[in-house]
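With the sequences and hints as input, model every part of the structure.
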Amino acid sequence: MSLIAQGHSSKEAADALYVSKRTVDFHLANIYDKLQVNNRVQAFRAATRLGLIPFEPTFGHTRGDA
Numbered sequence: 001m002s003l004i005a006q007g008h009s010s011k012e013a014a015d016a017l018y019v020s021k022r023t024v025d026f027h028l029a030n031i032y033d034k035l036q037v038n039n040r041v042q043a044f045r046a047a048t049r050l051g052l053i054p055f056e057p058t059f060g061h062t063r064g065d066a
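Note that the sequence shown covers residues 1 to 66 in the working numbering.
These are computed hints drawn from the structure, not numbers from a lab.
One or more hints might be untrue.
With a straight-line cut-off of 30 Å between C-alpha atoms, the simulated BS3-like cross-links for lysine-lysine are [claimed, not checked]:
| hint | residue 1 | residue 2 |
| --- | --- | --- |
| 1 | 34 | 11 |
| 2 | 21 | 11 |
| 3 | 34 | 21 |
Distance windows between CB atoms, simulated [said to hold, decoys possible]:
| hint | residue 1 | residue 2 | range |
| --- | --- | --- | --- |
| 4 | 3 | 51 | 24 to 34 Å |
| 5 | 16 | 54 | 23 to 33 Å |
| 6 | 22 | 57 | 29 to 39 Å |
C-beta: ideal position from N, C-alpha, C; glycine also.
Right, here's the structure in full:
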């Protein structure tokens with residue numbers, strides 16, 4: 001979820017984790033179900049609200065800038 005929260009696509013997360021995109025999508029679907037959400041944005045908001053992942057605003061930065 002942390003890679004997805006950073007804005008990476010399922011394919012990018014899969015490549016970084018050495019798994020298939022299908023595996024990432026499978027786990028995301030399970031996360032959505034457990035958090036009772038429908039998409040990545042809702043999952044990110046729910047996970048940060050619940051303290052499952054830290055929220056570190058990076059205003060004005062893109063993934064490659066930090």
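Outcome of the hint check:
1. Proposed proximity of residue 34 and residue 11 is supported: the alpha carbons are some 22 Å apart, at most 30 Å.
2. Of the pairs offered as hints, the one joining residue 21 and residue 11 holds, with about 5 Å between alpha carbons and a cut-off of 30 Å not exceeded.
3. Straight-line distance between C-alpha atoms of residue 34 and residue 21 comes to about 20 Å, which keeps the hinted pair within the 30 Å bound.
4. One distance hint, 24 to 34 Å for the beta-carbon pair residue 3 and residue 51, is violated here, with the actual separation near 19 Å.
5. Distance hint check for residue 16 and residue 54: the Cβ-Cβ separation is about 19 Å, which falls outside the suggested range of 23 to 33 Å.
6. Between residue 22 and residue 57 the Cβ separation comes to about 32 Å, which falls inside the hinted range of 29 to 39 Å.
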